[in-house]
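*Asks:* What follows is each chain in one-letter form.
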Amino acid sequence: MNNAQDNPFRSEKALKRLRRRRNADMRFQGYGIVALGFALFALVFLISAIAWKASGASTYHVIRVDLELSPQTILPEGDASPEEITRNIEGFYSLVRNDLLTRFPEANETVQSKRAFSSLIDRMAVLPLAREVADEPHLIGQTTSVDVPLSDDVDMFLKGAAPRAIFLRVGEASSPMRNAEEGDFKIEVDRLNKVSAKIAAIGQHGAEPTVLLVADKSVGRIKSMEDGDVILEILTGRQDQFDGASVKAVIIPSPEDQRSVSDQQIAWALALKAEGVIKRVPHFSLLTHTDSTYPELAGALAALVGSLLTMLVTAAVSIPMGIFAAIFLEEFAPKNRLTQIIEVNINNLAAVPSIVFGLLGATLLLGTFGLPRSAPLVGGLVLALLILPVVIIAARAALRAVPPSIRSGALAVGASRMQAVFHHVLPLALPGMLTGAILGMARALGETAPLLLIGMVAFVAEVPSSTTDEATALPVLIYSWASNAERAWEPMTAAVIVILLAILVLMNLAVVLLRRKFERRW
Amino acid sequence: MDTTYDPALAGEGADDGQPLLYPRIDCRDVSVFYSGKQAVFDVSLPVFDRSVTALIGPSGCGKSTFLRCLNRMNDTIDGAKVTGEIFMDGENINSSHIDPVLLRSRVGMVFQKPNPFPKSIYDNIAYGPRIHGLVDDRQELDAIVEKSLRRAGLWEEVKDRLGQPGTSLSGGQQQRLCIARAIAVRPEVILMDEPCSSLDPIATARIEELIDELRKRYCIVIVTHSMQQAARVSQRTAFFHLGHLVEMGDTDQIFTSPRERRTEDYITGRFG
Amino acid sequence: MAQELGQLPMGWLLTALIVIVVASGFSIGRIRAERYLIAGGQKFHSRGNYHGYYVAMWGFIPPLLVAGLYVLFAKPTALGLLSSELPEAFHTLSSAELQSYLESVANAAAMGGYSGSDLVFATVTGRYLELWGSLKGATLALMLAGAVTGIMYARRKVSPAFRARLRVERGAEAFLFLCAAIAIATTVGIVASLLYESLRFFAEVPFTDFLFGTRWNAQTSAEFGALPLFFGTFMIALIAMLVAAPVGLFSAIYLSEYASVRTRRYVKPLLEMLAGIPTVVYGFFALLVIAPAVRASALGINSFLIELGAANGPVLAAQPTSALAAGLVMGVMVIPFVSSLSDDVINAVPDSLRDGAFAMGATKSETIKQIILPAALPGIVASMLLAVSRAIGETMIVVMAAGQRARISFDPSTDLTTITVQIVALLTGETEFDSPKTLSAFALGLVLFVVTLIFNLIALRVVQRYRDKYE
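Which chain is which? The protein sequence lines are A, B and C, in order.
If you count the first sequence from 1, position 84 lands on 84 in this note's numbering, and the numbers rise without skipping.
If you count the second sequence from 1, position 250 lands on 250 in this note's numbering, and the numbers rise without skipping.
If you count the third sequence from 1, position 241 lands on 241 in this note's numbering, and the numbers rise without skipping.
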């Protein structure tokens with residue numbers, strides 16, 4: 001075999017061509033990997049971005065104080081009816097605030113300082129406490145430990161989200177010397193160059209960053225800094241606490257007038273934190289509270305129940321109807337024009353934009369039939385129509401998967417067609433139908449647009465108790481929270497998304513398990 | 001007899017009708033596994049040039065699987081593994097440094113069901129020469145298309161409608177189109193996997209005639225279910241059973257005086 | 001008395017009545033059949049249960065019809081009767097005021113009556129409760145009468161020769177057909193309601209002004225030129241397809257032709273998860289992550305161009321919400337719509353074609369590009385069409401990340417608005433039902449429905465043809 005070179009496929013030219021073709025082959029496969037990689041990356045990026053955001057809302061800061069629920073404050077008029085107690089928000093609020101105010105004499109000095117201090121906690125934050133006391137009047141007069149959520153701005157600061165702050169441990173402080181100006185004093189701090197280096201690293205954006213020094217429960221603001229010496233303005237606490245204490249520096253780059261928390265409020269919050277009054281606790285109220293205009297008080301309970309009620313209506317309408325329609329089309333429908341139209345119709349309906357169903361609901365159900373706006377009943381009906389094609393298509397596939405031998409077997413022993421279908425075919429097809437129905441329900445659970453159009457976007461502070469009450473749903477809650485301007489809503493929204501996705505994952509898991517359990521090969 | 005082989009003449013060789021009696025392909029201890037299950041067991045089989053070798057045996061005996069080793073078509077199946085050596089021109093084509101793309105341009109294949117590409121008749125034939133860069137201009141390509149169609153005995157029937165889709169032809173014509181398509185790349189070997197199984201008797205006869213014609217230029221290996229067909233078109237026959245090569249030899253000898261009992265049973269129709 | 005009737009919990013009563021009727025109908029029919037059986041020993045055509053079902057069916061249908069009529073028309077009827085009885089003084093009210101007055105009367109009645117100090121209102125509410133009560137009473141009576149008549153009629157039919165089973169089955173089949181016909185009813189409902197409201201809109205705003213006008217300002221002034229909305233919708237769908245078409249197609253090709261069975265088994269569901277994520281989540285993601293990133297890049301490009309001297313001022317709009325942000329995220333969302341169907345059609349290309357190409361010495365990519373993709377082309381085109389239709393009809397992503405300003409601009413970093421965004425904007429919040437502003441939402445909805453319908457019809461047709469060819 002000496003003439004291999006003469007083979008047309010062994011020539012230099014042919015080999016070169018082959019290399020080129022092989023490279024093209026590799027490139028083409030590469031495109032596929034890149035495309036798939038992009039899609040999967042997008043999925044992972046989306047989920048992790050939201051999970052990361054949501055993790056910020058998994059805990060929040062509360063003020064934990066022991067309060068004496070004195071009757072004078074809670075029941076100024078001596079009326080112990082639950083309504084009176086819950087109405088007396090102001091009383092509970094002042095109870096909490098006054099307890100805290102005793103720690104900070106400087107907050108009591110002026111009206112402004114008192115107001116600034118008060119905004120550490122929103123008034124409505126004591127409502128759960130008021131409700132609890134209203135339910136259990138025997139608590140009045142006793143001393144009890146209370147958790148009150150901190151205002152979202154302070155909470156965001158303590159979580160390091162906004163305004164961003166840099167915490168540095170610097171060295172020991174010398175004993176403070178009174179400075180010429182009132183309230184200020186001079187102090188020497190070790191390793192203060194760390195702070196100046198950090199400030200230089202951040203870079204100058206116009207205004208000087210605020211630098212606070214914290215020693216135990218005392219907080220001071222640096223007015224000027226030279227080598228190791230600083231002129232400190234005490235914001236809260238006593239200067240002698242700095243004497244020999246190891247000092248923490250807090251650098252806040254953004255200027256005070258551009259943020260929602262002042263230096264003084266930050267100082268109080270840091271002092272309360274150092275004292276252990278401010279605690280970071282799991283954010284269970286996300287699941288037990290209803291909507292609120294204050295992020296730290298808001299929860300998804302009403303939306304969860306609203307979604308549940310809506311899904312109940314959707315399931316009650318779409319599942320039986322879809323299954324019956326599928327049985328008709330698959331088992332009884334004569335091959336005629338009408339059947340054909342129905343089939344094309346169903347396939348088309350499956351691809352109609354969901355918002356169009358919302359329009360249908362708005363005119364037909366709200367307008368013509370006069371059903372109540374914002375009600376789970378209407379939302380459920382609209383979503384039922386929306387997923388009906390999905391359920392029908394899945395149910396038909398399940399029926400088709402039952403081999404004809406089952407039908408002929410039943411017919412052969414004298415069953416009518418109806419009996420054959422309902423006694424023999426349907427039980428076998430039911431698991432498949434169910435998986436399709438669950439997938440349809442999962443889709444309905446995530447739908448937002450049609451619900452917006454039938455008014456389920458209303459602010460709902462009461463847990464709906466029936467399908468005709470005003471309600472909202474989880475995805476709609478996500479939409480409304482996402483449209484709120486305050487930064488604190490972002491992690492909250494992400495957290496609700498995580499809840500919604502968790503439910504969807506559970507539903508899909510149920511589908512997988514059902515399929516595995518009932519998988520059958522004929 | 002001259003036993004040296006000149007590949008430049010592949011498919012163009014002297015049309016003397018004489019089988020060249022040296023192995024074009026030499027298989028040694030070929031085994032095939034599908035996801036760990038062995039389908040072909042240590043088959044050693046020489047395939048001679050300018051002749052038709054028929055692989056016969058009951059269905060599921062591994063003859064098609066074995067055939068697909070000869071142009072590495074088993075590579076396209078997930079979990080298939082081929083061991084052993086298959087020599088062609090002194091090179092083991094079953095080794096990883098042989099590019100199956102090159103190999104397949106030398107070993108053409110025709111399948112059970114005619115599978116013309118969803119393209120015109122012309123483009124079906126021109127496909128191979130195009131991808132392998134065998135031609136430089138349109139005229140050359142026209143020439144190859146015409147020659148291939150002529151050799152497949154289809155030219156007269158389709159010369160006026162080369163632009164029509166290949167799928168518009170009848171089953172037998174489609175199969176001849178596929179043969180023409182395979183010839184167009186100027187292969188040295190043509191593998192045929194039950195090429196007539198989906199055709200009617202008249203179309204089958206036409207294909208068989210064609211095979212006999214092609215034998216003069218190519219080395220042909222054909223898998224067939226029909227013993228009559230094997231007897232009619234082949235010079236050598238190999239009998240497979242349960243993945244083993246039971247017996248091989250000249251077709252006359254296999255059909256008249258088989259050495260093995262199993263071969264005899266199969267040929268006389270006692271099983272199959 | 002009638003007032004008390006007005007507070008009957010009808011939902012429960014109707015349900016209970018129907019349940020009782022069905023149960024008694026069933027037992028009446030069955031008992032009668034069995035009595036024959038015991039007495040005569042004659043051979044029955046149908047088993048006793050079927051006679052029961054038959055009678056129950058006849059007892060069930062008339063009250064169901066009555067209940068349906070009640071649900072649909074009771075409230076409008078009661079309100080209509082009430083407004084016809086209202087004294088002269090009310091006639092000075094405009095129809096909208098009257099409407100809202102009646103609505104509050106109905107609400108008060110639903111809460112159990114009015115006990116406040118407005119005497120007129122209390123009287124009107126009381127009268128409404130009376131009317132409402134008599135309607136409820138009449139409904140219940142009618143239902144009962146219908147049920148009894150039906151049962152009596154059916155009971156007489158029970159006899160050994162009576163083919164109860166056939167009748168019952170025919171009834172059941174009719175019921176099944178009705179369920180299937182709901183799909184048609186839905187479509188008819190959609191078309192009818194959209195058309196009706198749109199026609200009312202076009203009575204006030206000329207059709208051509210709507211379709212070709214370039215100024216859209218429905219919220220504040222009455223400008224209804226929808227062209228900027230069509231443009232925005234088109235632009236964002238285009239961006240989405242620029243992402244989804246290549247990514248979806250190449251993913252499908254990789255999964256169906258290159259990936260091992262194992263990879264496919266794990267990756268395909270992951271890819272389809274993209275379609276299972278609610279769109280409001282995508283919207284949030286676009287708003288939170290992508291829109292700021294788009295804005296930052298646009299600002300970066302602006303300052304880069306200015307530094308280069310290629311521009312004097314900002315070239316890109318760099319808005320906080322942008323067409324690009326919405327389009328990119330929407331593109332990711334529709335990837336599975338392209339990949340899933342494309343994957344299906346590529347898989348449907350018979351293996352014999354692959355074998356044929358490989359046997360000719362084609363490489364894998366040549367086989368795919370030259371043989372498989374041309375063969376699968378119709379299906380792939382269909383998948384693209386479906387994805388486009390999905391992108392056009394998508395609402396939440398654009399509502400959250402595309403913006404509200406109607407304008408025509410090819411700058412991807414600018415905010416555009418779409419059909420769906422405007423529908424939501426027009427129909428959420430306080431809406432008066434008869435203003436052109438509200439009606440314009442339905443005209444937009446009609447356009448959306450028609451366009452997506454055309455896309456879907458073509459796509460489904462192509463896919464059907466394709467299936468017929470290879471299966």
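No lab work stands behind these hints, which were simulated from the structure alone.
This structure is a prediction, so every number in the text was calculated from the model and none was measured.
Where a beta carbon is used, it is the ideal one built from N, C-alpha and C, also for glycine.
Among the hints, a few may not be true.
Claimed, not checked - Here are some chain B residues the structure puts well away from chain C; computed CB gaps all over 12 Å: (1) Q38; (2) R72; (3) D75; (4) D78; (5) G84; (6) D99; (7) L102; (8) K159; (9) D193; (10) E247; (11) E264.
As the list claims (entries may be wrong) - Here are a few chain C residues that face chain A, going by a calculated C-beta distance under 7 Å: (12) S193; (13) L195; (14) F285; (15) T428.
*Asks:* Indicate, hint by hint, whether the structure satisfies it.
*Replies:* Going through the hints against the structure:
no.: 1; hint: Q38; result: holds (20 Å)
no.: 2; hint: R72; result: violated (9 Å)
no.: 3; hint: D75; result: violated (8 Å)
no.: 4; hint: D78; result: violated (6 Å)
no.: 5; hint: G84; result: holds (21 Å)
no.: 6; hint: D99; result: violated (9 Å)
no.: 7; hint: L102; result: violated (7 Å)
no.: 8; hint: K159; result: holds (22 Å)
no.: 9; hint: D193; result: violated (9 Å)
no.: 10; hint: E247; result: holds (28 Å)
no.: 11; hint: E264; result: holds (34 Å)
no.: 12; hint: S193; result: holds (4 Å)
no.: 13; hint: L195; result: violated (11 Å)
no.: 14; hint: F285; result: holds (5 Å)
no.: 15; hint: T428; result: holds (5 Å)
Going through the hint list in order, the structure does not satisfy hints 2, 3, 4, 6, 7, 9 and 13.
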